[in-house]
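Q: Chains as they are written, first to last, in the working numbering: chain A, 1 to 196; chain H, 197 to 392.
Because the hints were derived from the structure by calculation, they are not lab data. Since we're looking at a predicted model, the values are computed, not measured. Ideal Cβ placement from N, Cα and C applies to all residues, glycine included. Warning: the hint list may mix true and false statements.
[What the hints assert, rightly or not] In silico SDA-like pairs for lysine to any residue, Cα to Cα no more than 25 Å straight-line:
hint, chain 1, residue 1, chain 2, residue 2
1, A, 143, A, 84
2, A, 143, H, 217
3, H, 254, A, 29
4, A, 58, H, 225
5, A, 143, H, 381
6, H, 254, A, 36
7, H, 254, A, 34
8, H, 339, H, 381
9, H, 339, A, 182
10, H, 254, H, 214
11, H, 254, H, 286
12, H, 339, A, 193
13, H, 254, H, 217
14, H, 339, A, 189
15, A, 58, H, 381
16, A, 143, H, 389
17, H, 339, A, 185
18, A, 58, A, 21
[Unchecked claim] Listed next, the stretches of chain A that the computed footprint assigns to chain H, with coverage defined by at least 3 CB atoms under 8 Å from CB atoms of chain H:
hint, segment
19, 27 to 38
20, 154 to 162
21, 186 to 193
Number of protein chains: 2
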Amino acid sequence: MIVSSQRGHAGVEETRSRILTAARELFERKGTRGTTTREVAERAGVNEATLFRHFGSKSALLNAMREAACGFETFRSVVASLSGTDNAADLSRLARYVVDRMISKRAMMCVSLAEDATGTDDAPEFRGPAQLVSDLADYFTTKVAAGTMHGDPDLMARCFLGILFSSVVGRKLWGSDVPEQATLDGVVNIFLNGVR
Amino acid sequence: MIVSSQRGHAGVEETRSRILTAARELFERKGTRGTTTREVAERAGVNEATLFRHFGSKSALLNAMREAACGFETFRSVVASLSGTDNAADLSRLARYVVDRMISKRAMMCVSLAEDATGTDDAPEFRGPAQLVSDLADYFTTKVAAGTMHGDPDLMARCFLGILFSSVVGRKLWGSDVPEQATLDGVVNIFLNGVR
DNA sequence: CCTTTATGCGTGTGGGCACTTGCATGAATC
DNA sequence: GATTCATGCAAGTGCCCACACGCATAAAGG
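Using the sequences and the accompanying hints, generate a full structural model.
A: Have a look at this one:
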């Protein structure tokens with residue numbers, strides 16, 4: 001039974017993940033500096049000492065959490081699954097996917113943004129979005145090559161994602177809600193006309 | 197001499213504004229929770245006690261600072277100064293104006309975003325951007341009525357600003373630089389085709 | 001049964017930070 | 001010259017927080 005190689009209590013890994021989840025939920029709501037290790041432990045249903053036994057320090061916990069909660073890994077597979085013939089439908093699907101993923105990472109992105117601006121100690125880069133841009137630009141490149149779209153793929157990718165990004169991240173700022181499919185389709189429509 | 201009604205030292209108002217400036221610079225870089233009143237006072241070249249005598253509390257200082265540093269008030273006048281005949285040139289000017297203003301408020305917007313996400317105590321709304329959307333939507337409404345553009349003005353405004361917003365705010369996130377005029381013109385081009 | 005291991009629990013501790021207080025000073029006003 | 005007022009300065013208070021330590025406990029394996 002090398003399987004988990006754990007002795008003592010059953011869920012070592014589960015405890016760890018409960019802490020990570022609690023940390024994410026709290027950091028999202030209150031920011032990194034606004035969240036105490038005590039709170040995280042309490043929310044995870046775990047003793048504060050256990051938290052430190054697992055992660056050593058608050059900032060190590062932060063890094064572990066970010067690592068566990070980031071990434072748009074499946075984006076490429078979504079692109080691969082597109083019809084390729086109906087651009088409007090394809091972009092609509094992409095938009096939906098991106099928006100949904102962004103919503104689930106909204107708070108974390110905001111906090112990341114702010115901490116990027118603050119230039120503080122230990123904020124590792126958050127590569128997800130940049131990867132998104134580059135993958136989407138690749139997609140547009142094929143479309144431009146095929147002649148169904150026109151323009152600079154990179155600029156197109158940034159425009160497309162930018163609209164979605166701002167509609168998700170700037171919710172409170174703009175006073176807009178989480179975008180419904182009809183809104184997304186409107187965006188896709190404007191964008192498609194723009195690059196056709 | 198009721199003019200300033202101040203006794204004692206000369207620059208009461210100047211001290212106040214020095215504190216506000218220092219506060220803004222530091223809060224932008226390190227966030228509200230990451231900045232200490234001691235630092236603010238030091239940077240302002242003022243004793244910490246003086247800071248509290250002026251503002252009473254850190255959060256009151258925060259509010260005063262936000263009040264002093266926000267607003268896109270002149271946007272309407274920029275809109276009013278447009279030619280009205282050359283949509284591309286007009287949108288290009290608007291884009292430049294908005295981007296420049298956003299860059300100068302970038303850090304504060306990021307911090308605001310994060311603290312909005314955090315749902316903390318005393319973050320008063322940051323009305324600037326919402327006002328922008330509504331003003332721009334008004335502009336588009338006239339264009340739609342004139343028949344030179346088509347679509348939902350509100351959605352159009354959000355798309356247009358969203359692209360600019362994300363290109364400014366998501367600089368590090370997307371890996372893009374501050375947009376040059378050529379880039380802005382590319383955006384305007386896509387957008388204009390999209391709504392024409 | 002004995003050891004190992006993960007956890008709970010309580011009790012610090014050292015440091016930082018918001019905020020206070022009392023006093024001295026020096027400029028402007030009268 | 002006396003008063004007023006904004007500020008400097010120094011010391012302090014109370015709180016909170018990251019993090020440590022020691023001990024009890026209970027589950028799992030040999």
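Q: Please go over all the hints and tell whether each is borne out by the structure.
A: Here's how the hints hold up against the structure:
| no. | hint | in the structure |
| --- | --- | --- |
| 1 | A:143 <-> A:84 | holds, 9 Å |
| 2 | A:143 <-> H:217 | violated, 49 Å |
| 3 | H:254 <-> A:29 | holds, 21 Å |
| 4 | A:58 <-> H:225 | holds, 21 Å |
| 5 | A:143 <-> H:381 | holds, 22 Å |
| 6 | H:254 <-> A:36 | holds, 20 Å |
| 7 | H:254 <-> A:34 | holds, 15 Å |
| 8 | H:339 <-> H:381 | holds, 19 Å |
| 9 | H:339 <-> A:182 | holds, 23 Å |
| 10 | H:254 <-> H:214 | holds, 15 Å |
| 11 | H:254 <-> H:286 | violated, 43 Å |
| 12 | H:339 <-> A:193 | holds, 18 Å |
| 13 | H:254 <-> H:217 | holds, 14 Å |
| 14 | H:339 <-> A:189 | holds, 18 Å |
| 15 | A:58 <-> H:381 | violated, 45 Å |
| 16 | A:143 <-> H:389 | holds, 18 Å |
| 17 | H:339 <-> A:185 | holds, 22 Å |
| 18 | A:58 <-> A:21 | holds, 14 Å |
| 19 | 27 to 38 | holds (count 6) |
| 20 | 154 to 162 | holds (count 6) |
| 21 | 186 to 193 | holds (count 7) |
Of the numbered hints stated above, those contradicted by the structure are hints 2, 11, 15, listed in ascending order.
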